[in-house]
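S.K.: Spelled out, the chains give:
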Amino acid sequence: MSRDTADVWHGTLDLMILKTLDAMGSLHGYSIARRIEQISEGQLSINQGTIYPALLKLRHRGWITTKWGESSTGRRVKFYAITPRGQRQLHDAESEWQRATGIVSKFVKLSKSVP
Amino acid sequence: MRAWLMRLVALMRRRRFDAELSEEISTHLDFATAEHIAVGLSPEAARRKARLAFGGTIQAQEAYRDREGWPAIEHLIQDVAYAIRVLSKRPVLLVTTTLSIAFGVGINVAAYSAMRTILFQPGMSADAPEQLFRLTPGLSYPNYVDVRAMDAFQGLAAMQSSTLTYRHGDTTTTIGARVVSDNFFEVLGLHAQYGRTFGTFDGPRTIKDDLAIVISHAFWLRLGGDQTVIGRTVYLNGWPYVIVGVLPRDAYTMVFPLVAPSAYVQLGSRVNRALDSRQAAQFDIVGRLRPDMTRAQTAAALLIAARDLERRFPDANASFSRTLSISAFVGLIDRLRSNGGRIVFTLASALYGVVGLVLLVACANVAGLLLARAAERAREVSIRIALGATRARLAQQFLAESFVIATVGCAAGALSWLAVMTVVPKTSFMSNAGIDLIPLPLSLLQCGLLVVVVTLACGIGPALTVRQLAPGLPHRGSIRGRRLRTWSPGQWLVVGQVAIAFVVLAGASSVLFSITRQQFADPGFDVAHTVSIEARWPTTSNGPDFFALRERLARVPGVDAVSSGGLPVGLIGFTRVHKIGAVDDEGWSVEVNRVGPRYLRTLNIQLLRGRDFSDDDLRGGPDGVVPIIVGDTLARRYFGSIDVIDQQLMLARDEENGTRARRLQIVGVSRDSRIQVFGGDPVPILFFPAVSSTFAVRLSGDPAATYRDLERTISTLEPGAALTVMTMAGRLSRVLLPIRIAAIVLGILGAIGLGLAMTGLYGVVSYAANRRRVEIGVRIALGATWAKIMRLILREAITSVGIGSAIGGLFSVLLIRAIWPLLGGQQNTTTPLALSAVFVLTVIVGLAAALRPALSAAAADPIVVLHEN
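Which chain is which? The protein sequence lines are A and H, in order. So that you can map any letter, position 16 of the first sequence is 15 in numbering that gives the first Met the number 0, and since no number is skipped, the others follow by simple counting. So that you can map any letter, position 659 of the second sequence is 658 in numbering that gives the first Met the number 0, and since no number is skipped, the others follow by simple counting.
Honestly, I wouldn't trust all of these hints.
Claimed, not checked - Cut-off 20 Å, straight-line C-alpha distance, at most; resulting in silico cross-link-like pairs (EDC-like, lysine to aspartate or glutamate):
id	chain 1	residue 1	chain 2	residue 2
1	A	Lys56	H	Asp65
2	A	Lys56	A	Asp21
3	A	Lys56	H	Glu22
4	A	Lys56	H	Asp17
5	A	Lys105	A	Glu95
6	A	Lys66	H	Glu19
7	A	Lys77	H	Asp29
8	A	Lys56	A	Glu93
9	A	Lys56	H	Glu73
10	H	Lys787	H	Glu774
11	A	Lys77	H	Glu774
12	A	Lys56	H	Asp29
13	A	Lys66	H	Asp17
14	A	Lys77	H	Asp17
15	A	Lys77	H	Glu19
16	A	Lys56	H	Glu61
17	H	Lys48	A	Glu36
In case anyone wonders, no lab produced these hints; they're calculated from the structure. Model, not experiment: these values are computed from the prediction.
Taking the hints into account, I'd like the entire structure generated from these sequences.
M.R.: Take a look at the structure:
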């Protein structure tokens with residue numbers, strides 16, 4: 000848990016995973032990692048291994064479910080899908096994120112011209 | 000909550016979850032590799048790139064696991080498993096520590112159940128026991144009938160503890176029974192597990208209650224334990240009875256704590272011959288409060304009844320209303336109010352205190368041993384701290400060890416207590432006494448609590464040592480050459496343990512010494528050629544006439560003489576006598592033995608003056624004066640040098656039985672028996688002429704060959720008699736048996752106590768020696784000899800043992816002085832001998848315990864020791 004807070008991106012990894020699953024439907028671990036990289040247009044390079052503990056945490060909270068199935072290449076893989084509770088959480092987290100980034104960006108835009 | 004459940008599931012299916020994760024990761028890597036190959040990389044380079052993007056697989060798995068299961072619990076399980084592995088490699092440590100705990104726990108469980116029964120059990124299995132009250136003192140049957148008719152209670156039941164003869168096949172033995180009134184089970188609200196109790200109807204009634212018995216669960220098991228037992232006929236006191244019901248297993252109607260009778264019969268002339276006597280206050284009375292009356296109102300109503308009975312029967316019921324009172328069956332407070340209650344409470348708490356102390360001492364022992372081990376492992380632990388182990392985790396590992404020890408020890412202790420409680424009721428002694436033991440179950444919660452307490456008591460000390468350790472090299476602090484002369488708490492514990500063990504051993508050995516001495520002494524009567532026959536007549540008859548039976552027995556080949564009476568010694572039947580004219584003084588306490596004509600001659604007891612009893616003495620002398628024979632101790636002590644023949648004594652009036660004071664005239668003086676259970680001077684004894692159903696027979700030949708003839712002779716006269724034939728020597732050892740058992744139990748307890756104390760000593764000495772390793776190394780390097788080092792280490796051990804023994808010896812002397820007279824002995828001449836024997840034993844065993852750690856300390860190589868630091 001201490002690692003979550005140690006890394007800035009970990010706090011947002013949950014949000015990214017939920018958003019990805021919400022947008023793309025059910026996916027297996029590798030494609031979730033790939034989507035996140037693609038959406039960030041290569042600017043964000045995560046250690047792909049870290050998404051698995053994050054997925055487990057989301058499952059414990061009841062935000063996603065898992066199901067074993069077959070990939071397009073016919074391989075047995077575990078699919079992750081967002082639950083209605085997860086969607087509610089995503090909605091809350093999105094507005095929270097908007098609010099937080101809005102406040103931070105106001106500070107960032109502050110000019111040096113103090114009256 | 001959901002996460003907790005998932006974690007719990009994961010904890011239990013760890014292997015499957017691990018496999019699934021591995022599969023997921025390898026799939027992930029394969030997908031990535033395939034994608035990289037597709038854009039033109041070589042398979043090796045593709046694989047490498049995929050791995051780089053993934054990051055450390057091990058780290059991912061670890062992070063995943065930390066989330067998935069319950070790391071704390073998993074660590075705990077790991078630690079316990081590790082502790083089991085470590086301990087099983089050190090069987091001596093495991094066995095000593097668990098035995099310590101098992102012993103401490105075993106006697107604690109026993110004491111706990113005894114105390115709970117004595118103090119907190121209502122004493123009766125009953126519905127709403129808080130409405131039950133006991134009438135004290137007891138009532139005679141006519142008084143009971145009259146009080147019951149007053150309707151002061153909703154129900155008033157009478158009960159009496161009794162033994163009945165029980166015939167099965169050719170043999171007749173006795174069983175413990177309760178003679179109860181018809182409404183007994185109804186008043187208690189006690190129901191049968193099988194069949195019925197008295198006074199309850201179930202369909203057409205075929206057997207009248209006064210021909211029926213209800214039996215205990217234990218007796219039912221002894222009869223075979225199946226449904227056919229109900230309806231079976233058994234012969235009690237010579238009468239046929241039909242078993243109509245079996246009580247539940249845990250039903251108890253208190254006689255003594257943890258003890259229940261085997262059978263319940265309805266009171267009547269078959270089982271009690273004194274129902275008509277208004278003076279014989281032989282029944283315990285239990286009453287249930289009327290719902291419309293309070294306790295105070297009931298007590299007032301009872302007082303009116305008592306006054307009425309006192310007025311109508313002044314002879315039998317003098318001061319009846321003054322003494323009659325009611326007391327509750329439940330309620331510690333009620334019981335504490337009475338004098339007896341306070342004494343019982345004090346004794347029980349003292350007992351509990353002592354056994355609690357023993358458990359504490361046992362835990363301290365284990366703690367001492369674990370501390371010694373912790374000291375040995377200090378180096379290992381420091382290195383582990385340096386490698387990154389947290390102290391909490393290390394402390395948890397130490398606690399896990401004591402948890403394993405505590406669990407095994409508690410289980411062993413509780414199981415051995417259960418085993419004792421299962422085996423004891425099956426011994427011939429218990430079944431002859433006709434009593435059933437009722438074990439108290441221990442709840443799982445209590446067991447769990449016990450384990451936790453023991454774990455903490457044993458493990459907290461060793462676990463705390465981890466805190467003091469610095470990473471890297473251990474024990475910088477002790478190198479400073481600080482001489483650890485201050486005594487550790489462990490040493491004081493050893494002193495206490497030695498003292499306790501010493502007291503117990505001293506008690507055991509002084510009893511054993513005095514018994515052993517008596518076995519070689521001349522008992523003062525012939526034990527080799529005399530047998531004693533104890534007969535219990537069925538109540539269907541009065542038993543054969545004494546004179547006729549004596550004549551028949553005398554005609555049996557090999558019989559020299561026949562009289563009535565048991566052993567000339569015992570520890571019961573004391574009464575008080577006065578000299579004539581000295582009514583004010585308290586009189587003397589003497590032992591009274593009721594014997595038949597020619598008793599002294601039959602047992603070959605030397606007659607010093609006067610004459611033996613004759614047949615005429617049974618009828619009493621002129622004017623109701625009873626002729627008696629006294630022992631020479633009584634004659635010398637109370638009459639000095641005057642001739643005691645024809646001197647007269649008064650028997651103190653027995654208030655409880657309401658007998659009138661009788662005048663006694665001395666007609667003979669016998670030599671005293673030399674048997675004295677508690678050593679010291681013989682007890683003053685007085686023989687009173689009476690016949691009883693115990694016969695003394697003197698034989699010329701081999702006693703065993705004549706047994707059958709004697710039995711057959713009596714059986715032809717009275718077929719239903721329960722007979723116990725044994726030599727006087729056998730009877731004598733039976734009288735001494737309880738004391739011998741007590742001595743053996745004390746001895747075993749003392750030996751275990753000493754063993755515990757010595758394990759403690761071993762632990763403390765090794766701990767101290769280990770802490771002083773550096774000091775000893777320096778000493779050896781500077782030229783100290785082997786002998787000097789040995790002396791240095793052993794001195795501490797000897798001091799502990801010496802101080803402990805001194806304290807123990809002091810307490811032993813005080814205790815023996817205080818307790819001996821209570822048990823009937825005056826002074827015990829064997830005490831100094833016993834004390835010195837115990838002292839020598841303690842010192843030798845103490846030295847032996849300290850020898851090994853001392854040897855290993857003295858054998859230390861100074862170069863190695865100093866190099867280590």
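S.K.: Just pull the numbers of the violated hints for me, sorted ascending.
M.R.: 11 and 12
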